[in-house]
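Each of the two chains sits in its own frame; use the hints to bring them together as a complex.
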Amino acid sequence: MNLTLKVWRQNGPADSGRMVTYQVTDVSPDMSFLEMLDVLNERLILEGDDPVAFDHDCREGICGMCGMVINGVAHGEQKATTTCQLHMRHFEDGATVTIEPWRAAPFPVVKDLVVDRGAFDRIIQAGGFISVPAGSAPDAHSVPVKKDDADAAFDAATCIGCGACVAACPNGSASLFTAAKITHLGLLPQGGPERDSRVVSMVEQMDAEGFGGCTNTGECTAVCPKGISLDVIAQMNRDYLKAAK
Amino acid sequence: MAVTGAMLVLFLIGHMIGNAKLFLGKESFNAYAEWLRTVGEPALPARTLLTLTEIVLAAAVILHMWAAVTLARRAAKARPVKYATKKKSQANGYVVHTMRYGGVIVVLFVVWHLLDLTFGVVNPEGFAATPYDRVVAGFQPSRWWVTAFYVAALVMVGLHLRHGLWSAFQTLGLVGGRNRRLLNAGAAVFSALLILGFLAVPIAVTIGAVK
Numbered sequence: 001m002n003l004t005l006k007v008w009r010q011n012g013p014a015d016s017g018r019m020v021t022y023q024v025t026d027v028s029p030d031m032s033f034l035e036m037l038d039v040l041n042e043r044l045i046l047e048g049d050d051p052v053a054f055d056h057d058c059r060e061g062i063c064g065m066c067g068m069v070i071n072g073v074a075h076g077e078q079k080a081t082t083t084c085q086l087h088m089r090h091f092e093d094g095a096t097v098t099i100e101p102w103r104a105a106p107f108p109v110v111k112d113l114v115v116d117r118g119a120f121d122r123i124i125q126a127g128g129f130i131s132v133p134a135g136s137a138p139d140a141h142s143v144p145v146k147k148d149d150a151d152a153a154f155d156a157a158t159c160i161g162c163g164a165c166v167a168a169c170p171n172g173s174a175s176l177f178t179a180a181k182i183t184h185l186g187l188l189p190q191g192g193p194e195r196d197s198r199v200v201s202m203v204e205q206m207d208a209e210g211f212g213g214c215t216n217t218g219e220c221t222a223v224c225p226k227g228i229s230l231d232v233i234a235q236m237n238r239d240y241l242k243a244a245k
Numbered sequence: 001m002a003v004t005g006a007m008l009v010l011f012l013i014g015h016m017i018g019n020a021k022l023f024l025g026k027e028s029f030n031a032y033a034e035w036l037r038t039v040g041e042p043a044l045p046a047r048t049l050l051t052l053t054e055i056v057l058a059a060a061v062i063l064h065m066w067a068a069v070t071l072a073r074r075a076a077k078a079r080p081v082k083y084a085t086k087k088k089s090q091a092n093g094y095v096v097h098t099m100r101y102g103g104v105i106v107v108l109f110v111v112w113h114l115l116d117l118t119f120g121v122v123n124p125e126g127f128a129a130t131p132y133d134r135v136v137a138g139f140q141p142s143r144w145w146v147t148a149f150y151v152a153a154l155v156m157v158g159l160h161l162r163h164g165l166w167s168a169f170q171t172l173g174l175v176g177g178r179n180r181r182l183l184n185a186g187a188a189v190f191s192a193l194l195i196l197g198f199l200a201v202p203i204a205v206t207i208g209a210v211k
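Going line by line, the protein sequences match chains R and L.
Numbering of the first sequence is given in our numbering, commencing with residue 1 and proceeding in unit increments.
Numbering of the second sequence is given in our numbering, commencing with residue 1 and proceeding in unit increments.
The hints are simulated quantities; they were obtained by calculation from the structure and are not laboratory data.
Careful: at least some of the hints might be erroneous.
[As the list claims (entries may be wrong)] For each label pair, taking beta carbons as the anchor points, the in silico distance ranges come out as: (1) R:125 / L:94: 17 to 27 Å; (2) R:93 / L:144: 52 to 62 Å; (3) L:70 / R:62: 29 to 39 Å.
[Claimed, not checked] For lysine-lysine, the following BS3-like pairs were computed, each having C-alpha atoms within a straight-line distance of at most 27 Å: (4) L:88 / R:111; (5) L:87 / R:6; (6) R:111 / L:86; (7) R:6 / L:26; (8) R:79 / L:26; (9) R:147 / R:242; (10) L:88 / R:79; (11) R:111 / L:87; (12) R:79 / L:211; (13) L:86 / R:6; (14) L:77 / R:6; (15) L:21 / R:79; (16) L:82 / R:6; (17) L:77 / R:111; (18) R:242 / R:146; (19) R:111 / L:82.
[What the hints assert, rightly or not] Taking beta-carbon pairs under 7 Å as the criterion, some of the chain L residues facing chain R (in silico): (20) 73; (21) 75; (22) 80; (23) 96; (24) 167; (25) 171.
Nothing here was measured: the structure is a model prediction, and the numbers come from that model.
Positions of the beta carbon are idealized from the N, C-alpha and C atoms, including for glycine.
Extracted from the complex, chain L is given alone in its bound form (with noise of 0.2 Å):
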């Protein structure tokens, strides 16, 4: 779980940062989006970067599903008779308790964000338009509800990596004691600053500041 969500938490990184080139104007946004499929040329075929993370990223998803699947499947195990009483938290809060389902939701929430702005499936503008034509498209005023529920979903990534964040550090044994409380704290900043990154994208389209 520690490792590949790690690397999955790295690609998000790199990839809220990619999409605030979207506030540099429709140029800057689509010479991003070709020099990832460029990079390396001609020294390297065309779209190797983006093969590679793409390969990477498909197999840190799947073996992140696999240990949560086999971690489910022990605990289910572990408790065949369920308390009569509705369990309360006495810990780290409700959102501990949301990772399982939470997870389902962000990786439904992948599906739909891939056919909407990777194949433009579902995107009003398809396939053929450019990167930046396809995103605000894919968030206009009157498609409010694809922004509610990217926003909805972000969040739900939010709450994912609050926990996820320290919790890899905890299970790689590289922290103790007061650290351990630093990198809770952390955990909890950096999510809400990388999820607010995210948001300003399908939130400025939608309100019209990006058009």
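Bound conformation, chain R alone (with noise of 0.2 Å):
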């Protein structure tokens, strides 16, 4: 496969940063998209070039370091899929793709494709924990949790912080995260002593980040790679309301 590549290249913070074009050749239909930009930068390295910088880690969707908006959607068109797992054969060949970095003031570009999601971290500072020494691990039937609430922390318990939420809102909201955290671990015995003070802090510390405010678009779920439910964010403002009482 051959591919018309428009990437966003900025060298640093400061620098106003400009779309580049660059053709790639052969590339499988089997190489991941970061395999593909991999083969972009080996040869940019040969010639001399900078490479294009980007963020990856575990590459098999579960840290949730990759991250990139191809073609105007967060990781893509592929659903439920980082960029590290989304692969060549849902490009045809010859098309032009374009590579954008999360777009948020509170995640700005370090370089290139690269943001600082250090956001995400403070929000989890702010009360994304459980402050008991847990020790070991109990019993598994030593604390009973309803199915239904395991389930449902499980669930929003699979996000893995990768920020496309934030990328995909049109307010730049980071709701989704921030209350797939918040229903996580309210929903657990280990989390509930906390719960009311946890979403006010957690609320508090992403408005004050800079975060836009949701207006229920649902884009947000739509690109989400681990597919966490809108109902998350229910959740949220209804212990939000439960708590500011």
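Listed below in structure tokens is the structure:
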């Protein structure tokens, strides 16, 4: 396969950045999107150019590091897929592919396609934890958890914090991420005692970071590689209204 | 957005049912309009209910707009650099992305609507005529463009409600799981029925079914 790539290049946070066009030849349809970028980077290095910087780590869809807006869609148009798990067979030979970083003020571009997602870490620091010494894992049946709650908590816990929800949201809102963490911890017995204070401090931190407000467009859940449901946002709103009383 | 929107939706339901009095004849419609002004008399002064409704609605509209502007400004600040590629909606389609400019169109429509049928300024019969005569004169076939404008604006109101209705429940945390999907479908059906009810009046007058 041969592709024309239009890639966002930005030397650093202070640079204004621009789209640069590259030709990539001999791409195998079995390559992942990141491997295709590896091929481009190998050539750029050989030619003495600066390789395209992009975040990646596990390359098996569970770390949440890789993330780029491909043809206007976070992680590309393939549903429930991270960029590293997106394969080139979903693209047509000769296609032009546009690649941009996540766009949000709280996610400043570090270089090219790499953004600083420290804002998510600070939301977690505001309350996305349990302040008890948990010790070793308890016996599975020592604290009963309702099956529905366990399932809902587990669904929310699959969030990998990649930031696609923010990238896709027309408001630049981080509600899906924050709500997933709040739901995950709040529904389990260990997270129960801090449920009220957690939702208030995490939502306050989310707003303080400069994320936009949720208008329920549903764009976040549509691009979420883990398919986190809008239900978590309703849960967050419910918890917040209860805690704010 | 959710609370003020809910108030406006409740008003729209009452408004739509009140409009239907038009189909019961001239006396019924005019008597209903008169009743709205005299309800509670003599215990309450004239126009008590109407004035209260007007105050609550005006406050709801202003707060709804304030919330919308606040959200829009936060959204603009949260994404100072736009995407180069045109974003395709991956979710609930086009409708949810019409809320902001759709809301502006709806407000402009409400201004015209008040000038037309409340104050009679842009109505051929003027303020002195009975409400029934104003409605019939306003939507005459010769004034087809008024009817066309009403139809377009009402469809926009319907699209606004289509997202706004279920969205309000979501914002207030009242839905989850299967209920949300049911509510989403219910919002579409409810908006369609409400707008069909509103559309019936101008269209009936224009095609001559109500004279």
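Consistency of the hints with the structure:
1. R:125 / L:94: 17 to 27 Å: For residue 94 (chain L) against residue 125 (chain R), whose Cβ atoms are near 38 Å apart, the range 17 to 27 Å is violated.
2. R:93 / L:144: 52 to 62 Å: Hint holds: Cβ distance 53 Å, inside 52 to 62 Å.
3. L:70 / R:62: 29 to 39 Å: Between residue 70 (chain L) and residue 62 (chain R), where Cβ atoms are some 37 Å apart, the hint holds.
4. L:88 / R:111: Distance ~25 Å between residue 88 (chain L) and residue 111 (chain R) Cα, so the pair holds.
5. L:87 / R:6: Answer holds: residue 87 (chain L) to residue 6 (chain R) is near 16 Å, not above 27 Å.
6. R:111 / L:86: This hinted pair holds, its Cα atoms lying about 23 Å apart.
7. R:6 / L:26: violated (66 Å)
8. R:79 / L:26: violated (57 Å)
9. R:147 / R:242: holds (24 Å)
10. L:88 / R:79: Between residue 88 (chain L) and residue 79 (chain R) the Cα gap is close to 14 Å, so the pair holds against 27 Å.
11. R:111 / L:87: It holds: about 23 Å lies between the C-alpha atoms, which stays within 27 Å.
12. R:79 / L:211: Judged against 27 Å, a Cα distance of about 55 Å means the pair is violated.
13. L:86 / R:6: Within the cut-off at roughly 14 Å; holds.
14. L:77 / R:6: holds (26 Å)
15. L:21 / R:79: Violated: residue 21 (chain L) and residue 79 (chain R) sit about 50 Å apart, past 27 Å.
16. L:82 / R:6: holds (16 Å)
17. L:77 / R:111: This hinted pair holds, its Cα atoms lying about 21 Å apart.
18. R:242 / R:146: Distance of about 22 Å is within 27 Å: holds.
19. R:111 / L:82: Between residue 111 (chain R) and residue 82 (chain L) the Cα gap is close to 17 Å, so the pair holds against 27 Å.
20. 73: violated (9 Å)
21. 75: holds (4 Å)
22. 80: The hint holds - residue 80 (chain L) has a Cβ within 7 Å of chain R, the shortest such distance being about 6 Å.
23. 96: holds (5 Å)
24. 167: holds (4 Å)
25. 171: Since the shortest Cβ distance to chain R is 6 Å, the answer is holds.
Of the numbered hints stated above, those contradicted by the structure are hints 1, 7, 8, 12, 15 and 20, listed in ascending order.
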